[in-house]
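A.B. asks: Residues per chain, in single letters:
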Amino acid sequence: MPPSVPMFGKKRKNGVFPKHILSALEKCGLKTENLIYSAVTDMNDNGEFCDTFICFDDKGLYVANGNVDVPSKKGAEPFVTVDKIESFPIDAIDEGYIEKFVSTARLVYKKSEEEFPLIRFSYACLEDMDAFVYAFNSFKNGVPVEEIKAEKENGEEDNPFEKKKRRDRGIVFRLLAFYKKYILIVLVVTVAIGAGAVFQLLVPQVGTRALFDKIISNPNHLSQLDLVKSLGILVAEIFFLKLFKVILDSGHQFLMASITPKVVYDIKIRIFTAMQKQSVSFYTSKQTGFLMQRVTGDARHIYWFLINDLPDIIVNVLMVAGIFVIMFNMSWKLSLLVLTIIPILIAVIKGSEKMFHRLHHAHWATNSNVSSIVSDNINGQRVIKAFCKENFESKRFRKASEELRKAEVKLAKREATIFPLFQAVVHIVSTVIFAWGSILAVKGEISIGSVLSFIVYVEMIQQPINFLSGVVNRWARCMDSATRMFEIMDAQPQITEKENAVSMENMAGSIDLSELEFEYEPARPILKNLNLHVEAGEMLGIVGKTGAGKTTIASLIARLYDPKRGSVKIDGVDVCDIKLHEIHTNVGMVSQDIFLFMGSIADNIRYAKPDATMDEVISAAKAAAAHEFIMKLPDAYETRVGSGGRDLSGGERQRISIARTIIQNPKILILDEATAAMDTQTEARIQQSISKLKDGRTTIAIAHRLSTLREADHLAVIENGEIVEYGTYNELLTQQGQFYTLYKIQNKALNAIGIGE
Amino acid sequence: MLTESNCIFKKNENGFLLAEIDGKQASRVKIVCTQPLTRPYEYVSVMSMDDEEYGIIENVSDFDGEQRRLIEEDIRQRYFCPVISEISSIKDKMGNFYFDVVINGRKKNFLVRDLTKNIRQYSNSIMIIDTDGNRYMIDDINAVPKKSRRKLQPYLY
Ligand SMILES: Nc1ncnc2c1ncn2[C@@H]1O[C@H](COP(=O)(O)OP(=O)(O)O)[C@@H](O)[C@H]1O
Ligand SMILES: [Mg+2]
Chain R
1 MPPSVPMFGK KRKNGVFPKH ILSALEKCGL KTENLIYSAV TDMNDNGEFC
51 DTFICFDDKG LYVANGNVDV PSKKGAEPFV TVDKIESFPI DAIDEGYIEK
101 FVSTARLVYK KSEEEFPLIR FSYACLEDMD AFVYAFNSFK NGVPVEEIKA
151 EKENGEEDNP FEKKKRRDRG IVFRLLAFYK KYILIVLVVT VAIGAGAVFQ
201 LLVPQVGTRA LFDKIISNPN HLSQLDLVKS LGILVAEIFF LKLFKVILDS
251 GHQFLMASIT PKVVYDIKIR IFTAMQKQSV SFYTSKQTGF LMQRVTGDAR
301 HIYWFLINDL PDIIVNVLMV AGIFVIMFNM SWKLSLLVLT IIPILIAVIK
351 GSEKMFHRLH HAHWATNSNV SSIVSDNING QRVIKAFCKE NFESKRFRKA
401 SEELRKAEVK LAKREATIFP LFQAVVHIVS TVIFAWGSIL AVKGEISIGS
451 VLSFIVYVEM IQQPINFLSG VVNRWARCMD SATRMFEIMD AQPQITEKEN
501 AVSMENMAGS IDLSELEFEY EPARPILKNL NLHVEAGEML GIVGKTGAGK
551 TTIASLIARL YDPKRGSVKI DGVDVCDIKL HEIHTNVGMV SQDIFLFMGS
601 IADNIRYAKP DATMDEVISA AKAAAAHEFI MKLPDAYETR VGSGGRDLSG
651 GERQRISIAR TIIQNPKILI LDEATAAMDT QTEARIQQSI SKLKDGRTTI
701 AIAHRLSTLR EADHLAVIEN GEIVEYGTYN ELLTQQGQFY TLYKIQNKAL
751 NAIGIGE
Chain V
1 MLTESNCIFK KNENGFLLAE IDGKQASRVK IVCTQPLTRP YEYVSVMSMD
51 DEEYGIIENV SDFDGEQRRL IEEDIRQRYF CPVISEISSI KDKMGNFYFD
101 VVINGRKKNF LVRDLTKNIR QYSNSIMIID TDGNRYMIDD INAVPKKSRR
151 KLQPYLY
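Residue numbers (our numbering), protein chains in the order written: chain R, 1 to 757; chain V, 1 to 157.
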């Protein structure tokens, strides 16, 4: 993972040990006052977890196994035990390095070509140990102690667990803040929802209860007319209650519908902007890359909850509360009985939830398996046909579908048994209430109407409780998604512009890489101490095997990443001190993997300069040898490309991307294997235009085919992140080194097909 | 193909594995599995420390006694994974899964995210990968205490 993990911040705990460890080491007889650097690791030699302390001073390197017990009480001193301290005289070690295994690593030290294993640790300590080894090797190389000590970041050790908790609480408020702009509407909606709930609650009161108590069992209704009149009033009352409720409901739904798209829009924009702000490493890192893949799904979870569930939560909570108030008013005895069913209902729901969780998960997993087989088959149709694997694929699909079907049946069966069970509980309770209520009514404690409306309320309470227990899951899911969303929003971009960044409008284009070190993952160096100078206006060719680090060098010049150590300078100014916008407009890169955006070919060529005239577009396309093939397409420059657009061949895409960079007219042009996918003829033509392009700009050309680098003023051969050869084309040939060998091989191959030199 | 006849392993006094291949002078090597998850001892590659392959051993059991022990020892070291014997709790806090487990009789906690990717099941064994990239194994899901199994079950498919 690249340098920092946004979620947990810096996890560094090196530098010199905290006090409690120092004093424990002192007790075991180690003099700690002169320690230069230290680290705590997590394993012993057998791969068992323990705390291991490693440190050095100007006399020796010390290793001790031990244990740090962090007491659960806050603020109490951790209790440290140290088993035994091993020491190695500083002169007995030349240098150290880290050997990585699959999930663990070990520190190995060298003494006059002989190697010795020292300690073992898990990947959790890689970064710390990498810093430790760097400090130790610097010390051995005579770097002053002060400098080494200054390198350490003296930040307190962050406890990721603690930090996480603190953040959770804020999330709810941050989510609700999306509504802030619409606070008035939200208030109106809430009131409407509340009033709607009240009206619904009143229906059994004025309906069922009044019907029985005031009309059916009222002996005073002697005349037919009176009876009809009372009934009429009753019906009118119910009608208006229902009518009001319908009006309020549609009113609140109407209002919600008017703000919903806005909230959704806000959320999407916020996420998208946050994503744009991040550096390249955020997308490629193991730790954070997966956040991105989920972002669309997350946004959906969040607004579904905010829009659909949140208003319903208010309704249902009000309903439950209201029902109980009314019930207690009618009869506290019966109400207490109803109260007892609530825990039973919740227990049934919770019990079934766990089981359903598993079934849903199985359903989800089998389902996504089926979808990925389908998408494999659509995208890989050509391969499947070429290998004659149609039957095999059909079988694979049938098997996966079969599993999905089984999971679905299981889920449906469970649902079919659980919900009636749920209903049964409610019915039993209603019956008991009816029986007991009748007894109370006979005794005269309560009216028949009340008993009957009571039962209506019991039935009515079932739905909100069901909803509320179901919503818990969606709430958790929404919070889960919101956490990720805020994580993306909060993550500090790795690449930031300094406050006092300099503006360099007229770059000359000289490049200096000095003592450049870089790695994507800790302890796996990609560039090691690389030095390179490119004069302004010069063309430099870079050659090397795949994986040598060529693209990495290009990315560092364009400041897509920051180096671990060392510097990249343009015109003598560190790229970290230059305004980001200016680097990106002045450094143009035709990269290896080309991305064309959705839109027409002309739009794609114009990407860096939207106001370019058609004239400019065409001459850029001509310079990139793209004009000819574009004109063969029926829609020519208006051909739609990118996702959903026309398929272009690798070479055609490369040519469009070269044209796109030509129009940008950058001071520094980087061509990263820009012509690799083209035939020799097209390549030669682009070569010509590139040599025209060379004038007035610095060009770095990365290529496999050495013939394309004839024009270069200098060539650098990269191997394992280091420059192994440097010079002009002819110098390198006379040197008879690696470049020469490569040249011979390629020439032989070219001769074989009759186009050698 | 490397066999006992063209490849001799030994260990130097510092504990590193050396190999003498085709009679060339012994040098440090590492053993890299082609199928580390399911068949670690078949088709293993013998490589120099700079990742250059000397050859492949078809089956480690083709080697005898001490030789075989040396190869297996190197594999075990390279692919070493702490083995979880018990799961005390798994707490789901908004997509962050805090595992509280017992390894070698000692408590250990770690954080796992993105479970679908980071809990992997290979027949009966289960691999869990935490946010640092550390791997943990449960060798046999049926051999851990029932309580532990129940805690993990919802996250397995
Ligand atoms: N985003 C990344 N994360 C981790 N490793 C990477 C990443 N990009 C490249 N690498 C590794 O860095 C090394 C150099 O890559 P690169 O500079 O692309 O090589 P080249 O362009 O010379 O072929 C390769 O071993 C590659 O696997
Ligand atoms: Mg490359």
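Take these hints with a grain of salt, some might be off.
[Said to hold, decoys possible] Taking CB as the label site, the calculated pair distances span:
1) R/Phe49 to V/Lys93: 18 to 24 Å
2) R/Ser250 to V/Lys93: 50 to 56 Å
3) R/Arg565 to V/Asn109: 43 to 49 Å
4) R/Phe597 to V/Leu156: 55 to 61 Å
5) R/Phe79 to V/Lys93: 47 to 53 Å
6) R/Ala386 to V/Ser89: 28 to 34 Å
[Stated by the list, open to error] 16 Å max Cα-Cα, derived EDC-like pairs, lysine to aspartate or glutamate:
7) V/Lys108 to R/Glu86
8) V/Lys107 to R/Asp42
9) R/Lys59 to R/Glu86
[Unchecked claim] Partial chain V-side listing against chain R, Cβ under 10 Å, derived:
10) Tyr54
11) Gly55
12) Arg149
FYI, nobody ran anything at the bench for these hints, they're computed from the structure.
Owing to the predicted nature of the structure, the values given are computational and were not obtained by experimental measurement.
Every residue, glycine too, gets a C-beta built ideally from N, C-alpha and C.
A.B. asks: Now look at each hint and say whether the structure bears it out.
C.D. replies: Tested hints:
The given range of 18 to 24 Å is respected by R/Phe49 and V/Lys93, whose C-beta atoms sit roughly 23 Å from each other. The hinted window of 50 to 56 Å between R/Ser250 and V/Lys93 is violated, with their beta carbons roughly 40 Å apart. Checked against the hint of 43 to 49 Å, the pair R/Arg565 and V/Asn109 fails, with Cβ atoms roughly 33 Å apart. At roughly 41 Å, the beta-carbon separation of R/Phe597 and V/Leu156 lies outside the given 55 to 61 Å, and the hint is violated.
Between R/Phe79 and V/Lys93 the beta carbon distance is about 27 Å. The supplied range of 47 to 53 Å is therefore violated. For the hinted restraint 28 to 34 Å between R/Ala386 and V/Ser89, the CB-CB distance of approximately 51 Å leaves it violated. For a cut-off of 16 Å, the pair hint linking V/Lys108 to R/Glu86 is broken: about 26 Å separates their Cα positions. For a cut-off of 16 Å, the pair hint linking V/Lys107 to R/Asp42 stands: about 13 Å separates their Cα positions.
Simply put, R/Lys59 and R/Glu86 have alpha-carbon atoms about 13 Å apart, close enough for the 16 Å limit, and the pair holds. Interface hint at V/Tyr54: violated, since its Cβ lies 18 Å from the closest Cβ of chain R, which is beyond the 10 Å cut-off. This hint is violated: V/Gly55 has a C-beta 21 Å from the nearest C-beta of chain R, more than the 10 Å allowed. Hint status for V/Arg149 relative to chain R: violated, with the closest Cβ pair at about 13 Å, above 10 Å.
The structure is inconsistent with the numbered hints 2, 3, 4, 5, 6, 7, 10, 11 and 12, although it conforms to all the rest.
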